[in-house]
Structure formats: structure tokens, C-alpha cells
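Kindly produce the complete structure, drawing on both the sequences and the hints.
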Amino acid sequence: MKEQDWRSLGLTDEEYQMITKSLGREPNQVELGMFAVMWSEHCSYKHSKAVLRTFPTEGERVLQGPGENAGIVDIGDGLAVCFKIESHNHPSAVEPYQGAATGLGGIIRDIFTMGARPIAALNSLRFGPLEDARVRHLCREVVAGIAGYGNTIGIPTVGGEIYFDPSYRGNPLVNAFCIGLLEKDKIKLGKASGVGNPVLLVGARTGRDGIHGAAFASEELGDDAEQKVPTIQVGDPFMEKLLLEACLELINNHEILGIQDLGAAGLTCALSEMASRGGTGLEIDLDKVPCREEGMTAYEILLAESQERMLMVVAPEQEAAVHEIFARWGLNSATIGRVAADCILRIWKNGAVVAEVPADSLTEEAPVYHPASVKPAYLETTSVLDLEQIPDVTDANQALLKLLAVPSISSKEWVWQQYDYLARTCTVVRPGSDAAVLRIRGTKKGLALTTDCNSRYVYLDPYTGAQIAVAEAARNLVCSGAEPLAITDCLNFGSPEKPEIFWQFRQAVEGMSAACRALKTPVTGGNVSFYNESGEEAIYPTPTVGMVGLLEDVEQHCTQSFKAPGDYVVLLGETFNELGGSEYLATCHQLVKGLPPRLDLAKECAVQKTVLTAIRQGLLHSAHDLSEGGLAVALAECCFEHEIGAKVELATHGLRLDSLLFGESQSRILVSVPAEKLQALLQLAADNQVPAFTLGKTGGERLQIQVDGQMQIALPLAEAKATWREAIPCLLK
Amino acid sequence: MLKAEIKVLLKQGVLDPQGQAAEKSLSALGYQNINQVRIGKYLEVTLNEKDRTAAEAQVREMCTRLLTNAVIEDYTFELVEV
Amino acid sequence: MKYGVVVFPGSTCDVDAYSLVKDVLKQSVEYIWHQEEKVTGFDCLILPAGASFGDYLRCGALARFSPVMKAVADFARQGGLVLGLGNGFQILTEAGLLPGALYRNTSLQFRCQDSYLKVENCDTPFTREIPPEQVLKIPIAHGQGNYYADPETLRQLKANGQIIFRYATAEGEVTPAANPNGSVDNIAGVCNESKNVLGMMPLPERASEALLGSADGKLIFTSILKYWEECRL
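Protein chains in written order, with this note's numbering: chain A, 6 to 738; chain B, -8 to 73; chain C, 133 to 365.
In short, the hints are calculated from the structure, not lab data. Idealized CB from N, CA, C, for every residue including glycine. The reader is advised that the hints may include incorrect statements.
As the list claims (entries may be wrong) - Selected chain B positions facing chain C (in silico; Cβ < 7 Å):
#, residue
1, Val5
2, Ala48
3, Asn60
4, Val62
5, Ile63
Stated by the list, open to error - Below, computed lysine-lysine pairings styled on DSS-like, alpha-carbon distance capped at 27 Å:
#, chain 1, residue 1, chain 2, residue 2
6, C, Lys290, B, Lys2
7, A, Lys568, C, Lys269
8, B, Lys41, B, Lys(-6)
9, A, Lys503, A, Lys380
10, C, Lys269, A, Lys450
11, C, Lys154, A, Lys450
12, C, Lys154, A, Lys189
13, A, Lys702, A, Lys407
14, C, Lys158, A, Lys450
15, A, Lys417, C, Lys269
16, A, Lys614, A, Lys503
17, C, Lys269, A, Lys449
18, A, Lys598, A, Lys449
19, A, Lys726, C, Lys269
20, A, Lys568, C, Lys290
Stated by the list, open to error - Which bits of chain C does chain B cover? Going by a derived footprint, with three or more residues having C-beta under 8 Å, they are:
#, region
21, 145 to 156
22, 280 to 294
The following block contains the structure:
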């Protein structure tokens, strides 16, 4: 082996030394390829592992924490939900349609691998500004790719988020979340057990797709990124639908000892992880692998990332049943080897051993790094925000219209109307409210789902910003009437080899951990995506939080929209002079500065408890979390769906007008309440020590906001709604 | 072996939304002389068949039965030696 | 009354139709695998929404050759009720059991949204319980729901009262703006000449419970039930 051999595969000289030490000899070309993908950041988490161990991962309801294909949480009645979020950023940057489609396909496989029936998907998307033609192309194609895959396979995409910011111009983020439902005694794990048991590869044939995709995801996007297109896999949602049905039929009717999907690093990853988790070895004959192309080498078969494939271990007497079921669904199934006792992956081709590697050496023994971490210099300048230097808002009407037209705030209908969000007839709250709500068939229960992250906050203060991502996700669920249960996270950052980036990463994980502990929402799994950079620029650090909540009675769900005229509008939570990191500051003053709003976790818990109790007691007609654009934007959003206006009166009490209207102070929820229930709500808030302000009443065809007796905002709803609704379609025209 | 190269287009008179979208985009790119764009699909069927007449009849049947929908689509094809 | 829900590889809303019949209509229901060559003992067959055979080639083009389709055609010929929803409608047109064809939406995008339907003929087994003038709020979810029929076919459809649903505003006005996919004459659903086979792109099984946002779609199923009860007498 020459330096060039391992370096070109992304391995360092030290890592190569580790490999030779572990094997007691030099690896051959095939083995080197296996180590290169398994020790890539994408598969090994070598830079993040040590930090991720600090996440709180345990809780009463957690049945499966991190380390498997997806996390599982108990929801009572003998049922459990299985969910995970994962990134597909790099593939989507170079081939947005297929990148997004296969991202969704991959996360769906992670869910049914665990034995769960996938019931819904969410997507968290981030792009550069839509004024850029290349960004418009990426955005259109990513959305079309998600729609093409999700709609065809029949899993509803019920929500998510989409943001636009220059930091994502060259490196969009495409994070896909999927959730499935299963009986809690039917959980399947990715373990190879029982010496002599057959190992089966089922689903699509193996082609030369995506070789070294995992390694590709583990480096920055260079100028030649688009020339790397050949490594992109093509998704086949029809094939995956068949695979899904065949696997669930098999799991529900037969004993499967272990099952694992093939994703990044293909067969190599699935084989080594299953063997390593099971403490076994595997004897695999590559001549038995059904291939799509002729003359594929061992190296290619082991590393190809062809989609829609699964690996499973069954007892010998079940082998025939597997072949029968897959044949009936028109799918391939091949017995490609046996479980062995010696903890070695031994790979055969043409009657000869082509690779012989201890399974653990590819997984457990991957290097763990503790990268240097330095507070980034930019924080010195960004943290300084002198509000004295910024004139207060003079035309609040214009400012509100401007904010409503910001793509990150404006209506995302253009996106979600392309998703079949109603498939499976369980969608109770559709996209566009704080969280999606699904009913659980056969029970009274419901699930609420959301993804959240304000990455501008995380950029300005990774610790607080990441805390807010968790808090806001929980707040969104609570506003829908659900009790938050647990999270999955997708940690999108730049290169961990840069100390400033690694500092962001560590701070963010610490912040999330603190918030998860306070809100009692443990981390059940997720994914880290590093190297999200193009040119010299890293993206804003973006720890996306996917959170799942439970409604004991789905009839008690709540949405953000005002339901009836004459209701009282009440703001729960306190407003401060906080404009740092706000959308208002970015949009109206072109400033990304200051510190994000403070977060007091005790106050956050109190306001959430108040609102959840109020919804369960049937006090509220609507509840909406205050986020980007603050109170004025939240009020407008509450008015739009049913076109019910509002007239409210505010007092500055020493606050700046812009802070009052557009500031993004945390732990605030805007609710509407029928007159006869106002007192009960106010009492409930007082009992929980939550400040409550009765601002005014719903009704009319205008949004009117008076401050200290002066009309500051008076807009016909039709005008405001049109501005908000047309912004994204206009930019994409 | 013979290869049938089959071209399928929407019938004249059936609105072609894809074609129209491409037409508009081409105009926007500055191509002033675009008269019409139509978008259809192209299919290849290779046949273990040497007799052109038999192959022609077979391809026509395939097109009528499965490959095209006569309500909205027209097709043409050519047979080439491979 | 007994429903059969035909399952093709790639059918995804088979479960929706099945659950509707079982949980909401409280009638008996069975899945029918597409390889079945006989369908017996059913009072109504549903060809469900989804993407049979991945929507490859043309939506419905491959499913139409599944063995079960001969049996479905026989069942229809004998006067049995057949309801094609979304992809099921596409399959029925490809199979020639309903006139016309469905192709790409003029927006070139998939559309999932509520649609409002004007009921053009309340004198069919599928619509008899719908109060005249009631506009139905039923969602659509398709990329290829643009209905086309040539002018002569259209004339016949109108003459025979075969146009059952048209896209309209919430107030029931049939306008170009209310047309979500470019369908000729805003057509959302048609039936065969003898009125026992209905195909529609809007999906009534998604609008049969208030919890899901509308129960208007249930009127179609209660119509079927009433018709069946009367036929039995």
C-alpha cells in the first residue's frame, strides 16, 4: 500500500497505522475500502461520538435509545412509536431530486427495519436566498423529490420547516424525519445471532450506485461537487413500497432474528454493524448477491449504496418463508451467507477469501477524536448590539408586511400542497399549524410531530440557540395539545476539524442536553452531518430537533388559528427588549447581531404546563407559539386561516415599540379563549406563575394593534394574507 | 435483433402542459423564434426477431395495448437492426 | 353489505378504503389481491388510490393488465358497483371501463388540497343520498388528475348524464379558478353509461369523518348502501 492509496480514500496516515495494527498485517484493497467507509465521519461519528455521549437518553417511556436504526418510545396501550431524523445534505446539493428522494427512502427504511409501520414523514429544509436561480432550482427539485418519493410510497409528509438564509447558498440542508407505529413487543433489532443461521439480502439488485457516498458526505463540497454526480443513488419508491410490505408481513408473521437496512456504506456497513452488535462473525459469499450489472468486483459489491435493500438473519426453518414472501411481492431474496462464531467478517468471491476483518474493528474500534475547540472570533463582534444606535420602528404596518413576505415566515403552502399529507387518513392537523397531529387508529390517542431550529440563534449563541430549538419544538407540540415525549436530532455543522466549528458543536449539544433534561424529552437517536461547507463558508450551525408528543385524546387537539369572533386574545409569557438575532433586525435593518433571546427553562416549563392544561380542560380555541417576527406576526398568522381579524391593545411599559411588536422573547404563547372561559384561563396562569395579558378580542376583517392608545398596525386581512401567501410562489415563478 | 424506437406524443389538440412550460422558458432565455415545443416520451423495445413485417405488427400491437393510450397519445416508430 | 378493496402492488390507500368501510360504515370488507382471477360474494368493489406499479409508464396502465381486472370487468358488466378512487379512476379509464383519460396536471405539480364538488347527477347509485345543490368538500391528492375526453365523447357524457362531479368554488360555481388540474369542463368524476361504475379523482374516503376536516364524502357511501338495500328488497 502506498500513502496515496489510503489518503485518496480519506484515511489519515495514523488511521492507516491503526488498521494495520488491528489486522496485524496490511489490508488488501477491498479491506482498505471497507475501513475507509466505516471509519468515515458519516458512519463512525469519530469526531462527535465523545460529545454525543453527554445527551440524556433515558426516560420512563424510552424503549430503544441511540445506537440502533431508530429510537422507540412507549405510548401506552401496548403500542410504541419509532422515529428518527437523518440528513441527506450533500447528495441533495449535487442532485436535488434524487438526493432528497433517497434521503426520505433511507429514513423510511430505518423505521420499518425496527418492525414499525411508517405512518408519517416531516422534512426540515434550508436553502440560500430564493433570489438566486441555482437556489430556486435546488428548492423546486428537493420539494419535487420528496413529493415524488413520499407520495408514491404512500407515507404522508405532514409537516416540517423550511428556511432561507445566505449561509446555506452552496450547501442546502435536507433533513428527513419519519415515524412509525408498532406493538411494543414486536421490536426488531439489527443483530446477527445464532451461529449457522442464514444471512439474507432482500429487495433491489445491487448496482454500482453511490460507491463511497459515505465518504463523500464526510468532506466539504468543493468546486468539483457537481462532477461527483456519479456517486448519487436513484430512488425507486415503488420498489421500497414492496419491500416495506414484504418486510412487515415477514416480521408480523415469522420470527426474524435481526434485520438492518442498507444505507450509507452499503453491505459493508450492514454486515459489520449486525455482526458487531450481535457479537458474532459472518461468512458471506458475494457470488450470491443479486447484481444489476455484470462484472461487479468484490470492492464494488461491498461498497455500493444501491437503495431499497435489507439484510436479515433468520432461523434456518424460516428461510423458505422469506423467499416465498419476497417472491410473492416480486422481489429478490438471496441467502448470501451464514452467521459464524468467530466475530470475523469473512467475505468470499469466486471461491477465495477477499476480505477478512474483525467486525468490531470496523465499528467499535473506529477512532474516536476529541477535536480542539475554540470560541469563534466572530462572536466578539456579533454579540455587540447597541439598540441605541438603531432607530425604533416608525411605520409598523410596513414592517409587518415586510416580515410577512420574508420566505422563512411566509406561507409554505407552495411546498406542502405538493406533498400528499392526507394519505393513510389519519391527519387531524394538516401542515401550516404549530405541529402536525395524527390520530392513532384503534385508540383515542393522537401524535403531534414537529421539527424546529432557529439556526440564526445558534450561530449567535450555540448554547442558548440549541436550547431554544428544543424549547420551541416542545412549545409547538404543547400548542397542539400534546405532551412532549422525546426527540431525535439532526446536527448539521461545518467541519469538526476546525476548532471554531467544533466549539459550536459542543456548545449546541450541551444546550440541547440541558433543555432536554428540563423538558423531560430524552434523545432517542439521530444523526450528525459535518462538513456542511462550500468555499470557505460554513453553514449556520443547525441542530434540527424532531420532537414527538402524545395526545391522550386526539379530539382535544388545538391549532394556531382563531376559530370564532368575540374570543379574548391572551398572551402568556413576558416580553423583553430583545431584538438580538431577530428576523426583524435581519429584514428591516440587515443586521445579524446581538445575542438570541434569553431562555429560562423554569419559565418555559410553566408556560407549557399552563397551555397544555388549558387545552385539556377545553378552555382554548387556539394556541400559537411566538417565534420569528414576534407578537405581530403571530397575531397575523392566527387570523389567516379562517379570516377572522383581531383588535388588540398593548402597552410599552418602557419597551421599545419594535421589541414589543417584533421581538422574539421566548416562552410566549398566544391563545384565544371564549369569554366564559377567560377567568379560568387567567386563574390557571396565575396558579402556575405565568404572566398573562388579555390583549383584546378576535373579530372583523382587519388586524388592528394599538400601542399606548395609538393605532400602530391596521391592516385589512385580505392584504396581509395575500402578501404572506404569495411571497414564495412569486419568488419561484 | 431488431430494435423498435418508439416516440410517443400527446395528440394535437390535447393540451401539453410540459411543452408549454418549456416553450415559455425558452422564450425567457431569449430564443425568439420558438414556434412550439412538445414533450413526449421515447421508448426502446429490442426484439429477438429478424422479420421486419412480423416485428412491425407486434410493435403496433404493443403500442395499442399497453405502451400508449390512444385517448390522448399518438405514436410513431422505426425499426433498426442491432 | 360486503365491499372488496382491490390491492395492486403499489396501492397505498387500500388501507384507507378498508378502514373506512370497516370503522366508519361498519360494513364487511375484504382485500382482493390483484392476482385473483375471480371476485365473488361482493356487493361493491373499490379500486383504491395510490400508485399501482409505481405509476410507471402511465398511471393505471400496468394495473389494468392484472388478472383481477377481467373479473372486475365481468362484475361491472353484471351490474355490480365499482368505485375507482384516484389511481382507481385512472385504472378504470386505462381498462376502458370508463371513458376518457387522465394525465398530468397543468401545474405540472402534485396537488394535495381540499376541492369543492358540484354534483351534476344525483340520480345514480353513488349520489342518490346527496341533497341537490349541496357542494361537497373532498380533498384531492394527485399529479395526474387532468381529465381529457375528445369533444364527441364529452357530448355523449353530457347527454347521458355521465358527468357526476365537477370542480367548483365553495359556493358551487364551476369556474376556471376552481379547476385544480386543468380537467376539461372541470370534470372531477364520471360514470359509465349504465351508472354502476364511478371514477373520481377527489378522495371521499379522506372526507368521511368530521375529525379529518369533512364528512361530505360519506354521502357517497351512504348512497351506495341505500341503493344496495333497495336492490335487495
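Problem - Unmet hints by their number, sorted upward, for this structure - result: As far as the earlier hints go, 2, 16, 18, 20 and 21 are violated by this structure, in ascending order.
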